[in-house]
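Construct all of the structure, not just a fragment, from the sequences and the given hints.
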Amino acid sequence: MGRKLDPSKKLKKGPGKKTRKQQGAETELAKFITDEDTGSKRLSSRARKRAAKRIQSLKKPKDVAEEKPKKGFTDENSKWLKPSKRKRKIDEQESEDDSDEHWEEEDDDEEEEEKVVEKKGGKDQQKKGVKGVKKEADDEDDDDGDDDDDEDDDDGDDDDDEGDDDDDGDDDDDDDDMVDDYGVQDDSDEAAEDDSDGEDLLPIERAAKKEKKQKKSKAPDSDEDDDDEEDEDDDEEEEEQESDADMDEEDELKTNIDEEDKFRLPKPEEGLLPLDLKAIYQRIKDNIDLLCNFSTKREEGKDRADYISLLKKDLCTYYSYNEFLIEKFMDLFPLSELVDFLEANEIHRPVTIRTNTLKTRRRDLAQALINRGVNLDPLGKWSKVGLVIYDSSVPIGATPEYLAGHYMLQGASSFLPVMALSPQEGELVLDMSSAPGGKTTYIAQLMRNTGVIVANDANAERLKSVVGNIHRLGVTNTVVCNYDGREFPKVMGGFDRVLLDAPCSGTGVIAKDPAVKTSKDEVDINRCAHLQKELILSAIDSVNADSPSGGYLVYCTCSITVEENEWVVDYALKKRNVKLVPTGLDFGKEGFTNFKKFRFHPTLRLTRRFYSHSHNMDGFFVAKLKKFSNIIPTAPPGNEDEKAEAPETTAATEAPEEKRSNSDKTKKTVLNKAGGLKQENKANGTAVTKKAIINSQGKKELHTGPKKAKVAKMDGETVKGTEAKKATDDGKASKADTKEGSRFEKKQATKRKTPMKAKNRMGKNKFNKLKHMLQKQ
Amino acid sequence: MSIGENIKLLVDRPDGVYCFRLHHDRVYYMSEKILKLATNFSRDKLMSVGTCFGKFTKTKKFRLHITALDFLAPYAKFKVWVKPGTEQSFLYGNHVLKSGLGRITENTMQYQGVVVYSMADVPLGFGVAAKSTQECRRVDPMSIVVFHQADVGEFIRNEETLT
Chain A
1 MGRKLDPSKK LKKGPGKKTR KQQGAETELA KFITDEDTGS KRLSSRARKR
51 AAKRIQSLKK PKDVAEEKPK KGFTDENSKW LKPSKRKRKI DEQESEDDSD
101 EHWEEEDDDE EEEEKVVEKK GGKDQQKKGV KGVKKEADDE DDDDGDDDDD
151 EDDDDGDDDD DEGDDDDDGD DDDDDDDMVD DYGVQDDSDE AAEDDSDGED
201 LLPIERAAKK EKKQKKSKAP DSDEDDDDEE DEDDDEEEEE QESDADMDEE
251 DELKTNIDEE DKFRLPKPEE GLLPLDLKAI YQRIKDNIDL LCNFSTKREE
301 GKDRADYISL LKKDLCTYYS YNEFLIEKFM DLFPLSELVD FLEANEIHRP
351 VTIRTNTLKT RRRDLAQALI NRGVNLDPLG KWSKVGLVIY DSSVPIGATP
401 EYLAGHYMLQ GASSFLPVMA LSPQEGELVL DMSSAPGGKT TYIAQLMRNT
451 GVIVANDANA ERLKSVVGNI HRLGVTNTVV CNYDGREFPK VMGGFDRVLL
501 DAPCSGTGVI AKDPAVKTSK DEVDINRCAH LQKELILSAI DSVNADSPSG
551 GYLVYCTCSI TVEENEWVVD YALKKRNVKL VPTGLDFGKE GFTNFKKFRF
601 HPTLRLTRRF YSHSHNMDGF FVAKLKKFSN IIPTAPPGNE DEKAEAPETT
651 AATEAPEEKR SNSDKTKKTV LNKAGGLKQE NKANGTAVTK KAIINSQGKK
701 ELHTGPKKAK VAKMDGETVK GTEAKKATDD GKASKADTKE GSRFEKKQAT
751 KRKTPMKAKN RMGKNKFNKL KHMLQKQ
Chain B
1 MSIGENIKLL VDRPDGVYCF RLHHDRVYYM SEKILKLATN FSRDKLMSVG
51 TCFGKFTKTK KFRLHITALD FLAPYAKFKV WVKPGTEQSF LYGNHVLKSG
101 LGRITENTMQ YQGVVVYSMA DVPLGFGVAA KSTQECRRVD PMSIVVFHQA
151 DVGEFIRNEE TLT
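For the protein sequence lines, the chains are A and B, in the order given. Its first residue numbered 1, the first sequence is counted upward by one per residue in the UniProt record's numbering. Its first residue numbered 1, the second sequence is counted upward by one per residue in the UniProt record's numbering.
Hints should not be assumed to be uniformly reliable.
[What the hints assert, rightly or not] In silico DSBU-like links for lysine-lysine, alpha-carbon gap of 30 Å or less:
(1) Lys-596(A) to Lys-297(A)
(2) Lys-626(A) to Lys-533(A)
(3) Lys-574(A) to Lys-589(A)
(4) Lys-212(A) to Lys-59(A)
(5) Lys-36(B) to Lys-490(A)
(6) Lys-769(A) to Lys-36(B)
(7) Lys-626(A) to Lys-574(A)
(8) Lys-381(A) to Lys-589(A)
(9) Lys-297(A) to Lys-313(A)
(10) Lys-33(B) to Lys-490(A)
(11) Lys-359(A) to Lys-77(B)
(12) Lys-79(B) to Lys-359(A)
(13) Lys-533(A) to Lys-574(A)
(14) Lys-79(B) to Lys-55(B)
(15) Lys-59(A) to Lys-13(A)
(16) Lys-297(A) to Lys-216(A)
(17) Lys-359(A) to Lys-55(B)
(18) Lys-36(B) to Lys-776(A)
(19) Lys-58(B) to Lys-359(A)
(20) Lys-589(A) to Lys-313(A)
(21) Lys-533(A) to Lys-45(B)
(22) Lys-36(B) to Lys-359(A)
(23) Lys-312(A) to Lys-597(A)
(24) Lys-213(A) to Lys-297(A)
(25) Lys-83(B) to Lys-359(A)
(26) Lys-776(A) to Lys-766(A)
(27) Lys-589(A) to Lys-579(A)
(28) Lys-45(B) to Lys-490(A)
(29) Lys-36(B) to Lys-61(B)
(30) Lys-10(A) to Lys-31(A)
(31) Lys-59(A) to Lys-384(A)
(32) Lys-61(B) to Lys-45(B)
(33) Lys-579(A) to Lys-490(A)
(34) Lys-626(A) to Lys-36(B)
(35) Lys-533(A) to Lys-596(A)
(36) Lys-61(B) to Lys-626(A)
(37) Lys-579(A) to Lys-596(A)
(38) Lys-33(B) to Lys-776(A)
(39) Lys-213(A) to Lys-59(A)
(40) Lys-384(A) to Lys-213(A)
Since the hints were made in silico from the structure, they are not lab data.
Written out as structure tokens, the structure reads:
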């Protein structure tokens, strides 16, 4: 703390130690204080100090002006600019030269002073901010006190001077430390003369004033080293950031921009400078920062592409990716997220487990594991069976609970497609790509071991793990087989739900398999996409659209590229009678509807993407499709003429399909009838008999939508008419029919007679075939 | 390892009729529903149906697999409970010593098939009683009381052999 000013104290005089001691502010200030400053008022200690400072600064400009004539302002401005100029110069000088010049100005140069000030001012000297006189005074007190306290007795003599010098230099510096007033300090001196403490102006106003002055002073100041760089490059920033911290930033930005200027240089000459990783990382950060504020920070003559190509190269080097993948990611993510994403790919996602509700409850399992010394937590609101493992004293994959099948090690993102699929009890479900069996067993536990699950995988080796997991978790309703997924509708179809976790390039799980970083390129992605398209078509064909409780397909991948995800789903939408439905997952990013050159169906919004950096789970994509008709369109759906003319051909092509055999057979019988009854008119009566015959054969009327309409047309009846007659219509079908019906009614009205006559003729072979089939029945 | 008349309980279950089928020398236990569907698949492509109970060795002996544990455990007539410390040892495939024996069903004959449980009533595997209950009481702590036949640790150790 500072010594209290006490004028009544006697000063010691003489050669002794006590006279050499610092007398206290009162006496020391007295040397500086003149009448003009103190005036009539009895000033407080701080006021006195301020007054002293003012006088000091008045003296200095003369010195400075002499030393640095090149800095001189125009005569017009010199008067009112003087104080600020002076201050500025002090600051500048502080900033330029840590010690010497600064102290030359001082009246009392002491080495210790320099040291002290260097200590304090070393950091601060970079600063440009100058604080209000008042605040300087405050800091001065503290400084003095600190100095006094800190200094040894050896420095006692110098303390006086120090205090004085502190007034000059440290005040600014320390004030800069303490308060950020947008660099208005230069103004404050002038203002102080006008306004007692310079307080009347708001800091912002002061800053504005200072700005003006600085702009004017820019030209002469530009000779100064630091000033040059600051003024030239970052006027805005300079003005904005006047506090100490900002001063440091400024210099950083300054140096950053210098570096970025230097970024360009290596390219033409020698490629990238082989810097160490840290430097590359810094460069990446700076580059991204620049690209985000391109207009302000760009270098003249260099366009965005240059910076971006440099960024790409740096990212490739730093994170060890090949260029192809980095380009892909740059397309997918905005620059701000890109680094987050790449960083997230370096570290593993937390280990998660799924409780096997067939054997235990999550509560009990958590308790048992905690007793073994595992640190865990529930996975999140969205899952009732998930647990995340933070750390464990026992190996999680080998506890007796694991062996007893109470839980399964499974990534959090793998929960999602099964949740989206939501299989019901008693259904027939297909998992086309089931290894290692995590999703299959989850499906089984959701179905409570009822119904049947077919777990398929093309790889026989990995299938063993499926079998193992199924047995371990106590799943009893599963058939495990080893087919190529593309064979599927032939082998068996008519599933209520199908899950296709397609083999993919694995760009979402780089954390698990870093080899992906360098091994994937254009060809791989396209190959995967091609396979996925084939698989999704097979999967769709294996779903039974007329299933009472289902008709759903979930397509998912652990990849984040658009070619493997949205493009494949879009392809399926075009090729088959399916539509997208909400996945039921309320978090995650929506899928893209537009991406670079692709334009997808708007319902692609219903798909979901998950990323490692935003959701803390492996990169994933989930899409849920509903099949609304079992017909495979041979032409783009919605083309009525083609549909109308091609019922025969479709019937013929669908003949080999097994699961749709029911509907096919009825269709054929209808055709047969049509052929046989060509003489008859299309009165309702005949239609009834026809229908009655068909129904009596015990076949389910499975016609929906367009097929129904076609059939109806063959019979020469309106769709609605046939609806009324059909005994086994289900609500859905009829709804679909009414929509379709309206389309076809008009046509039928016009074409009523012609189709019958035109199409009554059937090929001999077809007729015989049908005859045989009927006879069998 | 005999469950006696309880075999009937395995076949006629409230949720349908179950059956055993032989496929590739392995015996599978499944409901008839699954059986029907499994006929869709060609023999060489079919890997597993329902639950595998065991297999016939080359010499046509029947070896019961650990995978049957869930089904047999509830019907087991003779059970052996093992102390917590010995759990891990058993799961590694070691026999159970007298020192590790917790409880044993009364009237267990020698060489009787038993189901091994942990003290928390979690089934651990199958075994064969090396000594009858009476003898177990008298014998010294270091002698074997249950021969190891199958344990759940095999899921990890012998994944390959499950199919």
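Hint check results:
The hinted pair formed by Lys-596(A) and Lys-297(A) meets the criterion: a straight-line CA distance of about 27 Å does not exceed 30 Å. Taken as a hint, the Lys-626(A) and Lys-533(A) pair is honoured in the structure, with Cα atoms around 17 Å apart against an allowance of 30 Å. The straight-line distance between the Cα atoms of Lys-574(A) and Lys-589(A) is roughly 23 Å, inside the 30 Å bound, and the hint therefore holds. Between Lys-212(A) and Lys-59(A) the alpha-carbon distance is near 25 Å, which keeps this suggested pair within the 30 Å criterion.
Between Lys-36(B) and Lys-490(A), the direct Cα distance comes to roughly 17 Å. Compliance with the 30 Å bound is thereby established for this hinted pair. Of the supplied pair hints, the one linking Lys-769(A) and Lys-36(B) holds, its CA atoms being roughly 28 Å apart against a limit of 30 Å. The hinted pair formed by Lys-626(A) and Lys-574(A) meets the criterion: a straight-line CA distance of about 13 Å does not exceed 30 Å. Simply put, Lys-381(A) and Lys-589(A) have alpha-carbon atoms about 17 Å apart, close enough for the 30 Å limit, and the pair holds.
About 20 Å separates the Cα atoms of Lys-297(A) and Lys-313(A), which keeps this hinted pair within 30 Å; it holds. A C-alpha spacing of about 20 Å is found between Lys-33(B) and Lys-490(A), which places the hinted pair at or below 30 Å, so the restraint holds. In summary, the hint linking Lys-359(A) to Lys-77(B) is supported, as the alpha carbons are separated by about 22 Å, within the 30 Å threshold. About 20 Å separates the Cα atoms of Lys-79(B) and Lys-359(A), which keeps this hinted pair within 30 Å; it holds.
For the hint linking Lys-533(A) to Lys-574(A), the alpha-carbon distance of about 12 Å falls within 30 Å, and the restraint holds. Distance restraint check for Lys-79(B) and Lys-55(B): the Cα-Cα separation of roughly 23 Å lies within the 30 Å cut-off, and the hinted pair is therefore satisfied. A threshold of 30 Å between alpha carbons decides the hint, and for Lys-59(A) with Lys-13(A) the separation of about 29 Å falls inside it, so the pair holds. For the hint linking Lys-297(A) to Lys-216(A), the alpha-carbon distance of about 23 Å falls within 30 Å, and the restraint holds.
Our distance criterion of 30 Å between C-alpha atoms is met by Lys-359(A) and Lys-55(B), whose separation comes to about 25 Å. A C-alpha spacing of about 23 Å is found between Lys-36(B) and Lys-776(A), which places the hinted pair at or below 30 Å, so the restraint holds. Proposed proximity of Lys-58(B) and Lys-359(A) is contradicted: the alpha carbons are some 34 Å apart, above 30 Å. With a CA separation close to 28 Å, the supplied pair Lys-589(A) and Lys-313(A) stays within the 30 Å bound.
Distance hint between Lys-533(A) and Lys-45(B) is fulfilled; the C-alpha atoms sit about 24 Å from each other, no more than 30 Å. For a cut-off of 30 Å, the pair hint linking Lys-36(B) to Lys-359(A) stands: about 27 Å separates their Cα positions. Using a Cα cut-off of 30 Å, the hinted pair Lys-312(A) and Lys-597(A) holds, with the two alpha carbons roughly 21 Å apart. With a CA separation close to 24 Å, the supplied pair Lys-213(A) and Lys-297(A) stays within the 30 Å bound.
Note on Lys-83(B) and Lys-359(A): the hinted pairing holds, with a Cα-Cα distance of about 22 Å set against a maximum of 30 Å. Taken as a hint, the Lys-776(A) and Lys-766(A) pair is honoured in the structure, with Cα atoms around 15 Å apart against an allowance of 30 Å. A hinted pair counts as satisfied when its Cα atoms are at most 30 Å apart, and Lys-589(A) with Lys-579(A) qualifies at roughly 20 Å. About 14 Å separates the Cα atoms of Lys-45(B) and Lys-490(A), which keeps this hinted pair within 30 Å; it holds.
Between Lys-36(B) and Lys-61(B), the direct Cα distance comes to roughly 28 Å. Compliance with the 30 Å bound is thereby established for this hinted pair. A hinted pair counts as satisfied when its Cα atoms are at most 30 Å apart, and Lys-10(A) with Lys-31(A) qualifies at roughly 16 Å. The hinted pair formed by Lys-59(A) and Lys-384(A) fails the criterion: a straight-line CA distance of about 78 Å is larger than 30 Å. Of the pairs offered as hints, the one joining Lys-61(B) and Lys-45(B) holds, with about 25 Å between alpha carbons and a cut-off of 30 Å not exceeded.
The hinted pair formed by Lys-579(A) and Lys-490(A) meets the criterion: a straight-line CA distance of about 23 Å does not exceed 30 Å. Annotation: proposed proximity of Lys-626(A) to Lys-36(B) holds, straight-line Cα distance about 27 Å (limit 30 Å). For the hint linking Lys-533(A) to Lys-596(A), the alpha-carbon distance of about 20 Å falls within 30 Å, and the restraint holds. The straight-line distance between the Cα atoms of Lys-61(B) and Lys-626(A) is roughly 50 Å, outside the 30 Å bound, and the hint therefore fails.
Between Lys-579(A) and Lys-596(A) the CA atoms are separated by roughly 23 Å; this keeps the pair inside 30 Å, and the hint holds. Of the pairs offered as hints, the one joining Lys-33(B) and Lys-776(A) holds, with about 26 Å between alpha carbons and a cut-off of 30 Å not exceeded. The straight-line distance between the Cα atoms of Lys-213(A) and Lys-59(A) is roughly 21 Å, inside the 30 Å bound, and the hint therefore holds. This hinted pair does not check out: Lys-384(A) and Lys-213(A) have alpha carbons roughly 66 Å apart, beyond 30 Å.
The structure shown violates the earlier hints numbered 19, 31, 36, 40.
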